[in-house]
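2 protein chains.
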Amino acid sequence: MAQPFTIVGKSTPKLDGPDKVTGRTRYLHDLELPRLAHGKILRTRLPHARIVRLDASRARARAGVLAVVTGADVQQHPFGFAKDQLALKRGKVRCIRDEVAAVAAETPEIAEEALELIDVEYEELPAVFDPLKALEPGAPLVHEELTTNRHHLRYQFTHGDVDRALAQAAAVVEDTYRLGFVTPACMGTMVAIADWDPAGNLTMWTTTQVPFIYQRDLGEALGIGGDRIRVLQPPVGGNFGRGLDLYPIDVIAALLARAARRPVKIEFDRVEEFLACPTREACAIWLRTAADRDGRLLARDAHVTIDGGAYTSWGSTTPYVMLSTVAGLYRVPNVRFDTTIAYTNNPYSGSMRGYGNPESTFAVESQMDDLADRLGMDRLALRRLNAPKPGDVSPQGFVLTSFAMRECLDAAAAEIARNPPPPTPGWKRGVGYAGMFHVGGGARIYRSDGCGAIVKLDDFGKVTLITGASEIGQGSETVLAMIVAETLGVPLARVDVVNSDTSIRPWDVGTHASRTTFVAGNAARQAAEKVRTQLLDMAAAQFDEPAAALDVKGGWVFARRDPQRRVQYEAVARAGHFRGGGRMLVAEAFYDPPTTMLDKDFQGNVSAAYTSAFQAVLVDVDPEIGRVVVRKVASAHDVGRALNPAAAEGQVHGGIHMGLGYALSERLVVERGQVVTQTFMDYAVLKADDMPEIEVRLIESVDAEGPFGAKGLGESGVIPVAAAVRNAIKDATGVRCNELPVTPERLLAGLGAAIRGGS
Amino acid sequence: MAQPFTIVGKSTPKLDGPDKVTGRTRYLHDLELPRLAHGKILRTRLPHARIVRLDASRARARAGVLAVVTGADVQQHPFGFAKDQLALKRGKVRCIRDEVAAVAAETPEIAEEALELIDVEYEELPAVFDPLKALEPGAPLVHEELTTNRHHLRYQFTHGDVDRALAQAAAVVEDTYRLGFVTPACMGTMVAIADWDPAGNLTMWTTTQVPFIYQRDLGEALGIGGDRIRVLQPPVGGNFGRGLDLYPIDVIAALLARAARRPVKIEFDRVEEFLACPTREACAIWLRTAADRDGRLLARDAHVTIDGGAYTSWGSTTPYVMLSTVAGLYRVPNVRFDTTIAYTNNPYSGSMRGYGNPESTFAVESQMDDLADRLGMDRLALRRLNAPKPGDVSPQGFVLTSFAMRECLDAAAAEIARNPPPPTPGWKRGVGYAGMFHVGGGARIYRSDGCGAIVKLDDFGKVTLITGASEIGQGSETVLAMIVAETLGVPLARVDVVNSDTSIRPWDVGTHASRTTFVAGNAARQAAEKVRTQLLDMAAAQFDEPAAALDVKGGWVFARRDPQRRVQYEAVARAGHFRGGGRMLVAEAFYDPPTTMLDKDFQGNVSAAYTSAFQAVLVDVDPEIGRVVVRKVASAHDVGRALNPAAAEGQVHGGIHMGLGYALSERLVVERGQVVTQTFMDYAVLKADDMPEIEVRLIESVDAEGPFGAKGLGESGVIPVAAAVRNAIKDATGVRCNELPVTPERLLAGLGAAIRGGS
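Going line by line, the protein sequences match chains A and B. Residue 771, in the working numbering, is where the first sequence stops; the numbers in between run on with no holes. Residue 771, in the working numbering, is where the second sequence stops; the numbers in between run on with no holes.
Excised from the complex, chain A in its bound form (with noise of 0.2 Å):
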């Protein structure tokens, strides 16, 4: 397909990349600060207890310590979702990451002897740690105040009549899918660094990916105005929507620094990480799905259980998103859905890549399986069938434009069966199948969902980008840098992307949803058209020419139908520039897509554009000691336009990184409250020998409304891992996992009660 593109469409590195190879870059934790103090946290090791006493004079006095700060003696303000945690906690614990003091002090190592002075007696208290028997009558209450644990958080939706529909079935099938923990286990720990100025502004570095609501929420918990906070971000080793919520970290960091008059950072360990960096929601989701004699889909019926933990953080609101794949992914003309959140005396859960759509899809594509099984019919006909189309509109109302869901199911199945690896003599061998429906042009979960960008072109024929993108490794700078430079018509090396000082930078919603290349894409655009607006008119008088007799391109300004009549683009600007009456090239742009919230049915159209993707894994088991090894993933994803293949290929690859752990091997063991794996030797992020061949095909639909018809892509590739693998490993084994993930333990189990049943 020949492409009127320069620059979009062309693989390219990452503009970040060489100094990141180069050791030049330099993240958070690599920050120094004249006088930089070092605070480090006091949490309980008890899931729930009344703080009794908590004495920390002797932390105090000890040479080297600068400040202590407990839940008793200093300002604070309740935070985050439901407003329902102090950053330290004030009599009593609810789960054991739950922050009781802090100290800062002039080194590490002094904060964390201190930290061992402060002594605590705690009164232990009973404890629950899950959420059905949360909600029993009798069970403890984590928040007393609130007189139950059930959460107030309730997701419910109906659309059509499902009951009716399941009696008039051909099929339905009914199971529960079991989701534990995971953590997104960024190579980069959670840091934050806080500095007060002496009137009282504070200046932050941190690993959010939303730096614009952090201000407001950090202004909150510490009872001053977003005004006064300056947000920084530095490069961050991953985060994955680990920044999406404040948490005590930061809001701790600003306290100390308060406190000790000094700037404090505060920097996870690997063992912190693991305990106190937010998880993926653990939950279980019942489904029952109903379809005719055709395998034409006629109904859903959900109920998501989600343990909340102590805290409301966005691992409780998933169901947001799950619902959403619950009426979305494949055609579905009556849909129930509904859910009981609890809160519990485990640790709280965070927003992690796919936002619940990895769990729904799980449960939603493992069941497509199952029913195709039931109706005997063949698994990819089944999904092709009820495969959305353009020009659908959800159940919610989300409006399907660009939509290519079948011909990423045609692209998958084909590139899997291409060439498959030599079989393992002795194992079996099969194939799954999933699919995925996402947001692709933004979700409108605030009221805005917006971005803005500054461009300015200067004389040297530089072009720098003020975004309100943040980059979190996902590759933004290049993307949006591609699109301004093809906009405008210049080189890609003269274009540098500015994202990191809120003082700077115009607002944006954050980095979530997948939403970056096209809602700050199109920010970026819009402001580079106005400024290749200007260029041209500023052209104009140079060329005698009217602007719309001019183009812009490679570098170069020229007459359309005399391309040999050119100027290169900064000289057009100086001249424009260095004359009377001249003027510079700065222009801005503010994208909100056209959409709307959610109402409080669940009925709206939140996003600009919607997407798809299609995966199929191949996988080779070992019956004997179930063992799966995945050996070949074929991905295709409606990416509207690749703006950058290499990039998203990327975004792809990590992305079935993650969910290949998800499906069979990641698993933050919570017990009793307790996280048991606190260390990459206990917690099984797969290594580069453990990944398998992956094809990635990216469809282009074409989205009008995205940047160069680009669409969002940055969730797609975990999100139908899990069910893919789950599939496939029923292909060669027949055994239905349907909690994951799907250890050996777990496979052999089924494998036995397959055996036992005779099956």
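Keep in mind the hints are simulated off the structure, nothing from the lab. Remember, predicted model here, so these are calculated numbers, not experimental data. Treat the hints with care, as some may be off.
[Claimed, not checked] What the simulated footprint calls covered on chain B by chain A, stretch by stretch (three residues with Cβ under 8 Å from a Cβ of chain A suffice, anywhere in the stretch; the number is not a length):
1) 29-40
2) 200-211
3) 596-610
From the three backbone atoms N, C-alpha and C, an ideal C-beta is built for every residue, glycine too.
Starting from the known structure of chain A, fit chain B onto it as the hints suggest.
Just chain B now, with coordinates in the frame of chain A:
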């Protein structure tokens, strides 16, 4: 006078003050970078010599040395006003400042030691240290390839018929005024830090005050495009014009960093600062002034001889401004002006606060005083008679709009007479006067005299001004923030100024010619006005009123007819943002004053406003030992509008301090090419307790083009001081001291001559 302003016009502490006084400010000297190497420069000790041999092998071999660069082994390109120097000299050295090699090492100490390991063999050449001797036949040539020491720069101007006017004059006074080298003596020495990235992009942390010109010049010196250079300007401890040109320190830092593949910092120690910091040029001004019997000026005839030193920086171009004073300080219908500028083997000069004007004003105002004597007229009456008025056009074509010289004269005269300090018994007392004439609305010495501004108002009501203007201690941050706050009607504390990174800031020609308040102020005001318009448009929808019926003041948007109908401005911004089709508040502006460059005949209207000042100085002189004590200075300044009166007064105080040093004590002694005064023990900057009582009067002529009526002020304070002191000494003693500084020796010599002459 009732002012309609909330913020403008009120004395406001500098916004960067608290950080400075609490030691939080990180000056350029304080900066550290990972892997930072330290550079040192080897200079010659011979003012003129051929480099016969340079052997750096021992230095290269020293442990801890990372790179050694010499003229022989680096790629470099000539730079400077006349492109007549290389950063690392080749073939020969022409003055004792000349750089022959440089070392980067792990520590400054190692670098220093390595310098001593570099063997340089010179063949000393005959040298020339006097510009007139340099022009004699057979004088040693500083640049052989030019075949002469006469500089190609020549400033020749004629207006009217000077010879006829001289013939018709009732009185003609003629004298030569001699001015020596002085140095800005900044508390913070010069520093350059250079850091190349793997792609060949260079980041510079520098003392420049013209970052965008510097980008171009440094790029040329290094043979790369300016687009590859990012310029960062951390806070500096003074600049005063020192940062107006590119000097070898910056080029060498970049060359060392390139060779060492490490960031390199070069930091001058105090001795090096005395040797290598650009000076105010030494010059001799021959001047003749003619008047009719009533005291009306008929003509001025001037010839300026400048010691250009070994290379050409701004010091050789100061006649550009000297001419303005000869032609513009008082009405004078016939003017002739010429220059002799010669290369010598002395250190070369740069620009320094006032840039030629303190020098020429010393000549012109000394001569005005003597002319009054000759005519038997009152010194003030003569000046009042000849003072320009609004509507005047100077012989060069400068158009005076707002112009309050007579008001300044009256104010300073009245102020000096009020409550004079008690006299010292036995000492002689005198009062002296001097006025000055200067640009106050930019100075178009480049084809653009513009400045860009971007203003953003965020959800929290925080306003950021991103300005092209550089802060060098003059208070620009504060006054620009005030202009934005006043324009937007928001509290000053809500405004931040971003001004130190070329990759973010829009273009500005730099800090010089007292232009920042005027030019950057207008740009800031225009951008803020656009944001204000956007804000009121948002409010119009929310108030259901036309925008014209609304106003914003003190942080409230209100209905003009019913000011109780009001909403906090940040609430308006939030409501305008957090909705479908919402947007953010960002706007940009570029202001380039409506002026022209001087043509080849030095005709043109270079500034959008002109300004004047008048100073009166009261001295007591001990005739026994020639000691002069300045007891009081009254200084009246046409500031257009005093936006920040305390800061304006501070600028004048600083100028008077510098001017008194120029008049009485500061003298960079250069003998046979050697800088003899290398410490503050030798170079006598006035101490706090040397300072007299100072009374500043700010005269508000309210310029129609200036922001809120303001004009430039940065240089006015220093310009007339030396002349006023000289005239006060004459008033006290009768001695005409036409050479600066007026040391006790010189004054005693004059007194002796007066006694010997029997007067």
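Verification of the hints:
Counting residues of the stretch 29-40 of chain B whose C-beta sits closer than 8 Å to any C-beta of chain A gives 5, which meets the bar of three, so the coverage hint holds. Counting residues of the stretch 200-211 of chain B whose beta-carbon sits less than 8 Å from any beta-carbon of chain A gives 3, enough to reach three: the coverage restraint holds. For the stretch 596-610 of chain B, the assignment as covered by chain A holds, since 9 residues bring a beta-carbon within under 8 Å of that chain's beta-carbons and 3 suffice.
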